[in-house]
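Asker: Here is how the chains run, residue by residue.
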Amino acid sequence: AQTIHQWPVAEIKAVGSPLSLGCTIKGKSSPNLYWYWQATGGTLQQLFYSITVGQVESVVQLNLSASRPKDDQFILSTEKLLLSHSGFYLCAWSRTEDTQYFGPGTRLLVL
Amino acid sequence: AQKVTQTQTSISVMEKTTVTMDCVYETQDSSYFLFWYKQTASGEIVFLIRQDSYKKENATVGHYSLNFQKPKSSIGLIITATQIEDSAVYFCAMREGGTQVVGQLTFGRGTRLQVYA
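Line by line, the protein sequences are chains A and B. The opening position of the first sequence corresponds to residue 2 in the working numbering, with each subsequent residue numbered one higher. The opening position of the second sequence corresponds to residue 189 in the working numbering, with each subsequent residue numbered one higher.
Fair warning: there could be bad hints in the mix.
[Unchecked claim] Below, computed lysine to aspartate or glutamate pairings styled on DMTMM-like, alpha-carbon distance capped at 20 Å: (1) B:K243 x A:D73; (2) A:K27 x A:E80; (3) B:K191 x B:D210; (4) A:K27 x B:E232; (5) A:K29 x A:D73; (6) B:K258 x B:E214.
[What the hints assert, rightly or not] Looking from chain A toward chain B, a few residues come up when the C-beta cut is under 10 Å (computed): (7) W8; (8) P9; (9) G42; (10) E58; (11) Q62; (12) T97; (13) T100.
Quick caveat, the hints were computed from the structure, so don't treat them as lab data. Predicted model, so just to flag it, every value in this text is computed and none were measured. Positions of the beta carbon are idealized from the N, C-alpha and C atoms, including for glycine.
Let's have the full structure, built from the sequences with the hints guiding it.
Answerer: Right, here's the structure in full:
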């Protein structure tokens, strides 16, 4: 069975500080991977997707970047956090373009 | 551009009853895929059920079923015999078959379901 992990579980960060969020999927080779963001009480917005190692496409520009250094790993980062980056970050995976399954998420509060 | 609309912000029902949550979508594609997810109080997002546009039969999984009305661009989620643990926020989502963005899911704003004893 496939499992998806995200780290950290939660973060409190200062405006202007760097950020790195991680996602790992086990039990599935060459998955499609996705990053989503959800404002408190809001809907989900897809940020990035990746279909293979080293290849990441941006869907929405939020002063964030993403990388896929390994087949099973997806990283979301920024060098300077903004207040507007606060929210819930979710990683998801799918087989090619099939149904997407979500990880447990990381809560981020920027102060 | 694709769009998903959930007009019901919140629904409250007694347990063991049936509830229907509405969702309408907009797309120019002839091929598309519709999904329902639920978000629990912990934030976990769980896939529930999907309907592929080319399938005429309504999908059913456990006590979840769909009311797919293609001419009305509508995909309602029906939960029968609701339980307290069904309390969550339910999101409708759509993926167009011809999108250039791989796996681009567009979500509705969600409907909060409260099931009480």
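Asker: Which numbered hints turn out to be false for this structure?
Answerer: Result: hints 1, 2, 7, 8 and 11 break, sorted rising.
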